[in-house]
Amino acid sequence: MHQQYYNKPLHKLENNIDVTNGLINQRRFDPRKVDVMARKGTIERWILNASLPVGFTIQGAKFVVESQGEHQLQAEELAWKDTVWVKNKTQILVKFDQASSGNYPFLFGVSNLMLEDMGCLGVLMVQ
2 MHQQYYNKPL HKLENNIDVT NGLINQRRFD PRKVDVMARK GTIERWILNA
52 SLPVGFTIQG AKFVVESQGE HQLQAEELAW KDTVWVKNKT QILVKFDQAS
102 SGNYPFLFGV SNLMLEDMGC LGVLMVQ
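Residue numbers for the sequence shown follow our numbering, so the first one is 2 and each next one is one higher.
A portion of the hints provided could be inaccurate.
Unchecked claim - Cut-off 20 Å, straight-line C-alpha distance, at most; resulting in silico cross-link-like pairs (SDA-like, lysine to any residue):
#1 K90 <-> K41
#2 K13 <-> G103
#3 K82 <-> T43
#4 K41 <-> L114
Said to hold, decoys possible - Pair by pair, the computed Cβ-Cβ distance ranges are:
#5 Q75 <-> D118: 32 to 42 Å
#6 N50 <-> D118: 15 to 25 Å
#7 E71 <-> S102: 38 to 48 Å
#8 D98 <-> E77: 22 to 32 Å
#9 T21 <-> A100: 29 to 39 Å
#10 T43 <-> T84: 13 to 23 Å
#11 D118 <-> Q73: 28 to 38 Å
#12 G42 <-> M115: 11 to 21 Å
By construction, these hints were calculated from the structure, which means they are not laboratory data. Glycine included, each C-beta is placed from N, C-alpha and C at the ideal position.
With the hints as constraints, model all of the structure from the sequences given.
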């Protein structure tokens with residue numbers, strides 16, 4: 002399934018998740034600041050690195066996991082997801098099918114409520 006996306010030009014984004022301090026890319030959640038802009042109908046490659054194992058989720062998008070650590074996923078392991086367990090470097094292909102608005106942006110980040118309260122989230126705008 003993900004093989005079809007390899008030939009398309011992809012925007013690449015790296016997200017470093019600091020689980021101990023509740024940060025993504027050394028920043029805390031600010032609802033007034035858009036962290037990621039994406040175009041509806043596009044596909045991006047996101048690379049996720051976490052200091053400790055943690056769940057990661059994206060609202061308003063779906064993705065397939067390409068690899069976790071050194072393990073490249075096989076075709077039979079692939080499925081559309083909105084959440085993944087990140088325990089080492091995880092590479093995902095994200096498809097943006099839904100548009101958001103300035104008043105109602107999407108969020109991405111950890112799926113742990115204590116870490117969300119610390120600010121381990123980002124704002125995603127899809128247009």
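Checked hints:
1. About 26 Å separates the Cα atoms of K90 and K41, which puts this hinted pair outside 20 Å; it is violated.
2. Only pairs whose Cα atoms come within 20 Å are accepted, and K13 paired with G103 is rejected, the gap being roughly 23 Å.
3. For the proposed pair K82 and T43, the alpha carbon gap of about 16 Å is at most 20 Å, so the pair holds.
4. Using a Cα cut-off of 20 Å, the hinted pair K41 and L114 is violated, with the two alpha carbons roughly 28 Å apart.
5. At about 37 Å, the beta-carbon gap between Q75 and D118 stays in the expected band of 32 to 42 Å.
6. Checked against the given bound of 15 to 25 Å, the beta carbons of N50 and D118, roughly 22 Å apart, stay inside it.
7. Range check, E71 to S102: about 40 Å between beta-carbon atoms, so the 38 to 48 Å window is met.
8. Remark: the range hint 22 to 32 Å for D98 to E77 is upheld by a beta-carbon distance near 24 Å.
9. Evaluation of the 29 to 39 Å hint for T21 and A100 yields a pass: the beta carbon distance comes to about 35 Å.
10. The hinted range of 13 to 23 Å is satisfied by T43 and T84, whose Cβ atoms lie roughly 21 Å apart.
11. Hint check: D118 to Q73, Cβ distance near 35 Å, so the stated range 28 to 38 Å holds.
12. A beta carbon spacing of about 35 Å between G42 and M115 contradicts the range 11 to 21 Å that was offered as a hint.
The structure shown violates the earlier hints numbered 1, 2, 4 and 12.
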